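Asks: Can you make the complete structure from the sequences, with help from the hints?
Given next are the chains, with one letter for each unit.
Number of protein chains: 2
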Amino acid sequence: MLAFAATSTSDRSPGLFQVDEAMVDDIAALVAAEDRGMVMNLLVDLHPVDLAVLMERLPEVEARQVFAWLPPELAGDVLAELDAVEREPLLVGISGERLRKLIDELDTDDAVDVLSELPDRRVADVLPKLEDTYDLTALLTYPEQSAGGLMAREFVAVPSSVTAFEATEAVRHRARDIDEIYSVFVLTTDGHLKGVVSLKDLMLSPADMPLEDLMQTDVVSVPTGMDQEEVARIMERYDLVSLPVLDEDGVMAGRITIDDVMRVVRTEAEEDMQLMSGVSGAEQPGDSVLRISRGRMPWLLVGLIGAGLSGTVIGTFEATLEQAVVLAAFIPIVTAMGGNAAVQSAAIAVQGLSSGKLWPGDLMRRMGKEMLVAIVNGILLATLLCLTIFFLQLGDVTRLVLTLGLTMFTVILLATTNGALVPFVLKKMGIDPASAMGPFVTTLNDIIGLTVYFIYATALYL
Amino acid sequence: MLAFAATSTSDRSPGLFQVDEAMVDDIAALVAAEDRGMVMNLLVDLHPVDLAVLMERLPEVEARQVFAWLPPELAGDVLAELDAVEREPLLVGISGERLRKLIDELDTDDAVDVLSELPDRRVADVLPKLEDTYDLTALLTYPEQSAGGLMAREFVAVPSSVTAFEATEAVRHRARDIDEIYSVFVLTTDGHLKGVVSLKDLMLSPADMPLEDLMQTDVVSVPTGMDQEEVARIMERYDLVSLPVLDEDGVMAGRITIDDVMRVVRTEAEEDMQLMSGVSGAEQPGDSVLRISRGRMPWLLVGLIGAGLSGTVIGTFEATLEQAVVLAAFIPIVTAMGGNAAVQSAAIAVQGLSSGKLWPGDLMRRMGKEMLVAIVNGILLATLLCLTIFFLQLGDVTRLVLTLGLTMFTVILLATTNGALVPFVLKKMGIDPASAMGPFVTTLNDIIGLTVYFIYATALYL
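In the order they appear, the protein sequences are chains F and W. Just so we're aligned, residue 927 is where the first sequence starts under my numbering, counting upward by one. Just so we're aligned, residue 927 is where the second sequence starts under my numbering, counting upward by one.
Any given hint could turn out to be false.
As the list claims (entries may be wrong) - Straight-line distance between alpha carbons at most 27 Å, and here's what the computed DSS-like set of lysine-lysine pairs gives: (1) Lys1283/W <-> Lys1354/W; (2) Lys1354/F <-> Lys1295/F; (3) Lys1126/F <-> Lys1055/W; (4) Lys1120/F <-> Lys1283/W; (5) Lys1055/F <-> Lys1027/F; (6) Lys1055/W <-> Lys1027/W; (7) Lys1027/F <-> Lys1354/W; (8) Lys1126/F <-> Lys1283/W; (9) Lys1126/F <-> Lys1126/W; (10) Lys1295/F <-> Lys1283/F; (11) Lys1354/F <-> Lys1283/F.
Because the hints were derived from the structure by calculation, they are not lab data. Note that the coordinates shown come from a computational prediction; the quantities given were computed from them, not determined experimentally.
Replies: Next up, the structure:
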C-alpha cells in the first residue's frame, strides 16, 4: 500500500517514504541469509521509486542480488528510476538475455536513457535484439539534453478522417504498450501534426463524430533540437501534460510527458545551485573522493587567483597600511559587504532572466532601479558603520569615519549595480547567467572593494 | 496559433513566445487611440499566459483598459496566470459584478488564490454571490502553502458499485466544470478514498464492468496540512498528474493537478536561490525600491556584524600585524578559500538532504568523506600557495610559507567539514538547510579562518 494519508508526515524525511535505515539493514541481513522468499515478501508492495532508493542504499553485492531476484518488468522500472552512476554496478554482471528483457519492458524514452549509458560493446550486442530496435536507434541520435533526447516514440496517432469511435479503438490497440495516454494526436498522411484531442473530449463525444470536428488545432509543439530547459519552461507555461515533438521536416517524431519534465526542472535547479556554489560536473553525494575533489578544484583555483589579486591590491598599499594598521581590521567588512550586495542583485537578475520576467532590453531600467536600492542601503549601512566607529572611538575617529563611510557607500553602489549587470552580459554571451553568482562575482567585488577602500584611505591618511 | 514548431527558437528569449517589446509598444499605442477592435484582433489568438505577460509589460492605465475589454472567461484565465502583485492594479477599479463573473469562470483552486489576496471588504462582498461559495469558503481556511491551499474542489467521484458506463456518465456530467480530468476517484459512502480509475482504463473497459474490479487501490494521497514542497516531491517521485487530498477524517477534500505543482517546484527553487543569496521576502523584479531594500537589509546587517567580528579578530592580533604588515595581504586568500570550500560542501549536503539521497543518519559518513576531499584539496592548494610565495620571494619566505601552508590546509579542512555539518544541524532544528548557504556559512568561516591564520602567525612571528 502506498497510501500514507493517515500517517503523520511531520517527522518523516523527504524522500524517505517506505524505505528507512532499519529496512535497509533488515534486507541486507536477509539477502546475506539467502532468504529470497522473505525479501520478495518485503519488497512486493514497494513502488519502483522506493525500490530504486533501496538499491542505492544496499551494499553493492546485496543490491546486485536483490536486483537479480526481481521479475523483469519490476527490474526494468527500477532501472529507469536510478541515476546513471547507480545503475552501472547493477548491470555489470548481468547476462545479455536478461538485459534485453529489462530494456524491452521500458518505454522508449527510458530505454534510450539506459542504452546511452551502456558501454558501446554492450549496446551493439543488445540493440539489434530489442523489440523497438528501429525506434531506439533513431532516439539514440538525439543529444540527451534535447527535446529529442527526452521524448518517447510511444504515442497514439490517427488521421483526421477517423471518427471518435475509431480513435478510441486506436487507443485500445496501443493501450498495452503505452502506460500514460492523455491525448490522441491527429496527423496528416505524411506525418505532419494537424491537431490533438484529449482523452476526456474523445470519451465524451458521439461515436460517429469525425476527429476533424473534435480536435484542437492550436497545438503547442517543439522541435527535436530544443534544449530540455526550454522544453520544461514551455510545458510549465502552457500547463501541458504531454507535448508533441516535431523533426526538422515538421513530422511528429515523439512526445514528451510531464513526469520527464519534472525531473528536468529538479535537475536544472540542482545544477544552478551547484554552479552558484562553485561545484562543477553535477556532483552527487555518492561520487568518489577524487571525482568530488576534481569537480571542486577549478573554482577553488579561481578563488585563489582572485584572492591573490585582492592581496596584490593590499600589498600595493602597504605604505598606507603601515601608517594605520587599524585599516586591516576593516578589510573583511569591505569584502563581505561588496560580495553580499552583488550576489543579492545578481540573484534577482538571474531569476528574472530565467523566468522571462526580465527581458534583455530591460538592462538599463534594471540597473537604474538597483542603483536606487544601493543608494538607500548604502546610506543606511555607511551611517551605521560610522556611528559604531564613533561610539567605540576606534582609531583616529574622524579619518576612519570618513574613509569607511565613503568606502561603504561606494562599494555597495558599485557591487549592487555590477551584480545586476553581469547576468545580462553573460546571457548575451550565451553563458548561463547563474554562473554570475558563483565565486566570480564575489571575487570581482573583493578586488573592486579593496581598491576603492585603499584609494580613499591613502588620500585621507598619507 | 500557438504552434511555433516551425520557427527557429535559438534566438528567442525564454518566456518570450508571442509577446515582445514591439508588440507591447504597438498595443499601448492602439489602446491610447482607443482602437478596441484592432487590439482585440491582435490578442484573440494569444494564450492566457501570454496575455498575462502583456498585462505585466503594459503601462498600468493601458493594461487596465485592455483587461476591461477582455471577455470574462479570458479575463478570468489571465487573472489566474498573474502573480499577486501584478493582479492588484488590474482589480482596483473593477466593479463587484465583473469581479464576480471573472472569479466564477475559474476553477476553485485559482479562484481561492485570487480571493485570498483581495482586501477583506471585497471578499465579504463578492464571496456570497459566487457559484461555489461553499467550496471556496472551505478552501479559504487552508494555509496557502499547504496541500489544502493547492487543491481544487473539482474532481469526479463515484461509489465503487457503479459500472464503467455509469462512471463515464459521471465524467460527462462534470466535464463542463472541470478543465482537466485524468482520473475518476472511487469513494465510500462516507467519502473515504477507496481507489482510482484512470480515464484510459475507464475508456478501455466493457461498459458493464464494475469499478470495484477496475480501480487501483494503492492510491497515493496526502493530508490537507502537508507542506506544498513535500506535495511536489511526492508527485514528482511517483510520476503523478493528479493527487487526491484527504482531510483529517480521511475524507477526500480535493485534488491537486501537476500544473499547480510545477509552479511550486519553480517557486521553491527561486526561494532557495534567494535564501542562498541573502534575499528575503520572495523579491520580484517588479517590487518597489523600498520593498527590495527592506528584503535585502537583514542579511547585509548580518554580514556587517559578522565582518565586524572578523575585524575584531584582526584587531586582536594588531601586534602581530605590526610585526609583519605583509600578513594583511593574505587576509582575502584566507577568507575566500574558507568561504568557497564551505559553500561547496554545504551545497551538496543541502541538495542531498532535499532530494532524499542523504538521510539524517548519514551525517558521520558524509563528514568523513568531506574530510578526505578536504585533505586532498587542502594539500594541493597549500602546496600551490607555498610554491607561489617561494618563487615570488614574498616577505620572510620561510615563516610565510609555514604560516600560510598550515593555515590553508587547516582552513580548508575546517570549512569543508563545517559546510557539510551545518545543513544537517539546521535540518534537525527544523530550519531550511538552504539557509546554510547564505552569508551565514561564509561569515562563520571568515571568523574561523582569520582566527586560525593569526594564531599560526603569532606563534611563528612573535
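Asks: Each hint should be assessed against the structure and marked as holding or not.
Replies: Results of checking the hints against the structure:
1. Lys1283/W <-> Lys1354/W: holds, 16 Å
2. Lys1354/F <-> Lys1295/F: At roughly 20 Å apart (the allowed maximum being 27 Å), Lys1295/F and Lys1354/F satisfy the hint.
3. Lys1126/F <-> Lys1055/W: violated, 30 Å
4. Lys1120/F <-> Lys1283/W: violated, 43 Å
5. Lys1055/F <-> Lys1027/F: holds, 10 Å
6. Lys1055/W <-> Lys1027/W: Distance ~10 Å between Lys1055/W and Lys1027/W Cα, so the pair holds.
7. Lys1027/F <-> Lys1354/W: violated, 44 Å
8. Lys1126/F <-> Lys1283/W: Violated, at roughly 38 Å.
9. Lys1126/F <-> Lys1126/W: holds, 9 Å
10. Lys1295/F <-> Lys1283/F: With a Cα-Cα distance of about 15 Å, the restraint between Lys1295/F and Lys1283/F holds, given a limit of 27 Å.
11. Lys1354/F <-> Lys1283/F: Given that 27 Å is the threshold and the Cα spacing comes to 16 Å, the pair holds.
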